[in-house]
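Residue numbers (my numbering), protein chains in the order written: chain A, 26 to 431; chain B, 2 to 233.
What the hints contain is simulated information worked out from the structure, not anything from laboratory work. This one's a predicted model, so the numbers in the text were calculated from it and none came from an experiment. Be aware that one or more of the hints could be misleading.
[Unchecked claim] Derived lysine-lysine pairs resembling DSS-like cross-links, with alpha carbons at most 25 Å apart:
{"id": "1", "chain 1": "A", "residue 1": "K424", "chain 2": "B", "residue 2": "K231"}
{"id": "2", "chain 1": "A", "residue 1": "K29", "chain 2": "B", "residue 2": "K121"}
{"id": "3", "chain 1": "B", "residue 1": "K139", "chain 2": "A", "residue 2": "K29"}
{"id": "4", "chain 1": "A", "residue 1": "K419", "chain 2": "B", "residue 2": "K4"}
{"id": "5", "chain 1": "A", "residue 1": "K424", "chain 2": "B", "residue 2": "K121"}
{"id": "6", "chain 1": "A", "residue 1": "K332", "chain 2": "B", "residue 2": "K164"}
{"id": "7", "chain 1": "B", "residue 1": "K81", "chain 2": "B", "residue 2": "K164"}
{"id": "8", "chain 1": "A", "residue 1": "K228", "chain 2": "A", "residue 2": "K184"}
{"id": "9", "chain 1": "B", "residue 1": "K231", "chain 2": "B", "residue 2": "K194"}
{"id": "10", "chain 1": "B", "residue 1": "K76", "chain 2": "A", "residue 2": "K332"}
{"id": "11", "chain 1": "A", "residue 1": "K135", "chain 2": "A", "residue 2": "K212"}
{"id": "12", "chain 1": "B", "residue 1": "K194", "chain 2": "B", "residue 2": "K125"}
{"id": "13", "chain 1": "B", "residue 1": "K121", "chain 2": "A", "residue 2": "K331"}
{"id": "14", "chain 1": "A", "residue 1": "K133", "chain 2": "A", "residue 2": "K29"}
{"id": "15", "chain 1": "B", "residue 1": "K117", "chain 2": "A", "residue 2": "K332"}
[Said to hold, decoys possible] According to the in silico footprint, chain B covers these stretches of chain A (three or more CB under 8 Å from chain B):
{"id": "16", "stretch": "31 to 40"}
{"id": "17", "stretch": "419 to 429"}
Beta carbons are placed, not taken as given, at the ideal position from N, Cα and C, and that holds for glycine.
Single-letter residue listing:
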Amino acid sequence: MFLKLAWLNIWRNGRRTMITVASVFFAVLLAITFRSITDGVYENMIHNVVSYSSGYLQIHKNGYWGEQSIDNSFEVDEELSKSLLDNPNVTNLMPRLETFALSSFADKTKGVMVLGINPTSEKEVNQLNEKVIEGIYFESNSTDQILIGSGLAEQLNAKVNDTLVLIGQGYHASSAAGKFNIAGILKLGSPELNSNVIYMPLKASQYLHGAGNRLTSLSIMLGKTSDLESSKKAIENSIDTVAYEVMTWKQMMPEMDQFIEADSSGHYIVIGILYIIISFGLFGTLLMMTFERNREFGILIAIGMKKHLLAYVVLLESIMISLMGCLMGVLGGTLIVHLFTEYPVEFGGTLREVYEDYGIEPIIYFSGNIRIFIYQTLVVLVLASLLALYPGYKVLRIKPVDAINS
Amino acid sequence: MGKTIIDAHNVSKTYKETAIPVRALQDVHLHIEEGEFVALVGPSGSGKSTLLNMIGGLDEPTSGTVFVDGVEITKLRENKLIDFRLQNIGFVFQSFNLIPVLTSRENIGFVLQLQKVAKKDREKRVLELLREVGLEEKINSRPGELSGGQQQRVAVARALASKPKIILADEPTANLDSKSASNLLDIMAKLNKEEKITFLFSTHDQRVIEKARRVITLVDGKVDSDVQQKPT
Numbered sequence: 026m027f028l029k030l031a032w033l034n035i036w037r038n039g040r041r042t043m044i045t046v047a048s049v050f051f052a053v054l055l056a057i058t059f060r061s062i063t064d065g066v067y068e069n070m071i072h073n074v075v076s077y078s079s080g081y082l083q084i085h086k087n088g089y090w091g092e093q094s095i096d097n098s099f100e101v102d103e104e105l106s107k108s109l110l111d112n113p114n115v116t117n118l119m120p121r122l123e124t125f126a127l128s129s130f131a132d133k134t135k136g137v138m139v140l141g142i143n144p145t146s147e148k149e150v151n152q153l154n155e156k157v158i159e160g161i162y163f164e165s166n167s168t169d170q171i172l173i174g175s176g177l178a179e180q181l182n183a184k185v186n187d188t189l190v191l192i193g194q195g196y197h198a199s200s201a202a203g204k205f206n207i208a209g210i211l212k213l214g215s216p217e218l219n220s221n222v223i224y225m226p227l228k229a230s231q232y233l234h235g236a237g238n239r240l241t242s243l244s245i246m247l248g249k250t251s252d253l254e255s256s257k258k259a260i261e262n263s264i265d266t267v268a269y270e271v272m273t274w275k276q277m278m279p280e281m282d283q284f285i286e287a288d289s290s291g292h293y294i295v296i297g298i299l300y301i302i303i304s305f306g307l308f309g310t311l312l313m314m315t316f317e318r319n320r321e322f323g324i325l326i327a328i329g330m331k332k333h334l335l336a337y338v339v340l341l342e343s344i345m346i347s348l349m350g351c352l353m354g355v356l357g358g359t360l361i362v363h364l365f366t367e368y369p370v371e372f373g374g375t376l377r378e379v380y381e382d383y384g385i386e387p388i389i390y391f392s393g394n395i396r397i398f399i400y401q402t403l404v405v406l407v408l409a410s411l412l413a414l415y416p417g418y419k420v421l422r423i424k425p426v427d428a429i430n431s
Numbered sequence: 002m003g004k005t006i007i008d009a010h011n012v013s014k015t016y017k018e019t020a021i022p023v024r025a026l027q028d029v030h031l032h033i034e035e036g037e038f039v040a041l042v043g044p045s046g047s048g049k050s051t052l053l054n055m056i057g058g059l060d061e062p063t064s065g066t067v068f069v070d071g072v073e074i075t076k077l078r079e080n081k082l083i084d085f086r087l088q089n090i091g092f093v094f095q096s097f098n099l100i101p102v103l104t105s106r107e108n109i110g111f112v113l114q115l116q117k118v119a120k121k122d123r124e125k126r127v128l129e130l131l132r133e134v135g136l137e138e139k140i141n142s143r144p145g146e147l148s149g150g151q152q153q154r155v156a157v158a159r160a161l162a163s164k165p166k167i168i169l170a171d172e173p174t175a176n177l178d179s180k181s182a183s184n185l186l187d188i189m190a191k192l193n194k195e196e197k198i199t200f201l202f203s204t205h206d207q208r209v210i211e212k213a214r215r216v217i218t219l220v221d222g223k224v225d226s227d228v229q230q231k232p233t
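The following block holds chain A by itself, in its conformation from the complex (with noise of 0.2 Å):
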């Protein structure tokens, strides 16, 4: 009976509850269509860089992180591997060797960063294969063949079927030293990998630094990205932590993590002020609606309803308000993303070129996450639950003879 009142109360004045129903609807359309893309942005740039450096998870010798070293490599056994495929959310892995050494060509060297990777699962997840501007991508798993970062062939002078010497250290302090062929060369986002890295099949860079069949670490891509804490957590219960630590890519790159923090706020803001202009045009109307039936609620007092009730169909009344604005607004920010994810914006010109040159796709990508739908109807709904706060008080504080005689 309450809800039919409440319904009944708030088609009263069907105009104003219209135009109080559209402002929470434009204000939800926009707040999700603004996070949508602030997140697929996010999302996308998260994806871009994890892929080429630490993926989502990544798994070391437990130690790893605080010393850097070949030494804290560890081996990959067929029980580890498989336990990690089975959880549900994992989608890749991508084993990697990572040391440095130094380059040489002609008269020049530099200190390099040497990635020993599996060509055929960075080909899968990063398309590292795409990134080649001359020459070719690995053929095959263990050729002494090597890709190079474009900034690095500039500062040697390399080109492609040169042959690169590179001199480190090996597992066990060992030596490791070797001439590889340059087979590509990579122009990769970030100019600063640009300039470093070389890229070499991971059983060369096995052979090349007498580590067997070791590995520094083995980066796991995700399904869902946004499991990333539940993730990491069962993948920790399916191993040996006394062996192995994992660690997010938060933890491994945390000034990105700080980054899209800080970018955030910002929005934060912005929805913020959405919203603060639709709870002023909700509060009138709540206020108009409670005030004009102030000599009714008198009445039902006097007939036996209490004040609490009363209050309780006052928020109803602003909840109904709310939720039909909020649903319309899911609705229309659903068909939005839907409309965009099929067929996403792509950047032209010189916008373009930034993106691709940060090894980011020059794309708006929508995120379609439930959460935001949620959250933003939780955030309207509460919203709506305040403001019949003041409206439910007055209602409380009413004097029945005062109400009927007004």
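Once you have looked at the hints, place chain B on chain A.
Coordinates of chain B only, in the frame set by chain A:
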């Protein structure tokens, strides 16, 4: 002598909102027995509505006590008082009594729902009451679709819904034409006679006064006369 249903002792009410306090009631004594049909009369500002509000527990006296059916309502806390009203007192106001968005059925059923009466019994009682006030065919009409007289009859039906011991009516015929007023009075008199419900109503209307069996006149917040009469 019948059972006392309303007993007011030394009831005074002073409004202090203005610079000069207004003494709306001064040491009023009132004793009404079960089943009486009483008209409270007097000029505007004589304290009729104030006294009805005190008896109905809608307002608190500045001093004095009010007993309704043996319960000292002036001592009841707010929620207990609302419950007491729900179970024992029916109200009919001058106008705009009904919830405009609800039909006659829903307006009457609302009180029964507050009393947590089961739906089946509720429906039965609503029909019975609408039949009593002669508005069975208006069961699904909203107040806006009813005439002033019909609205007051629905208000009487609503006041009766909880089977109260008393019905307090504050100038129930003030906004009605003579035919509607007479019709409403006949219904109230019939209910009083058949269901032994005590009626106390304030009025200026001579036709209404003539229907009452007891007429209490208030002047300047005091009982000026209290007369038993043979209704016409």
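Which earlier hints turn out false for this structure, listed by number in ascending order? Of the numbered hints given earlier, those the structure breaks are 1, 4, 5, 14, listed in rising order.
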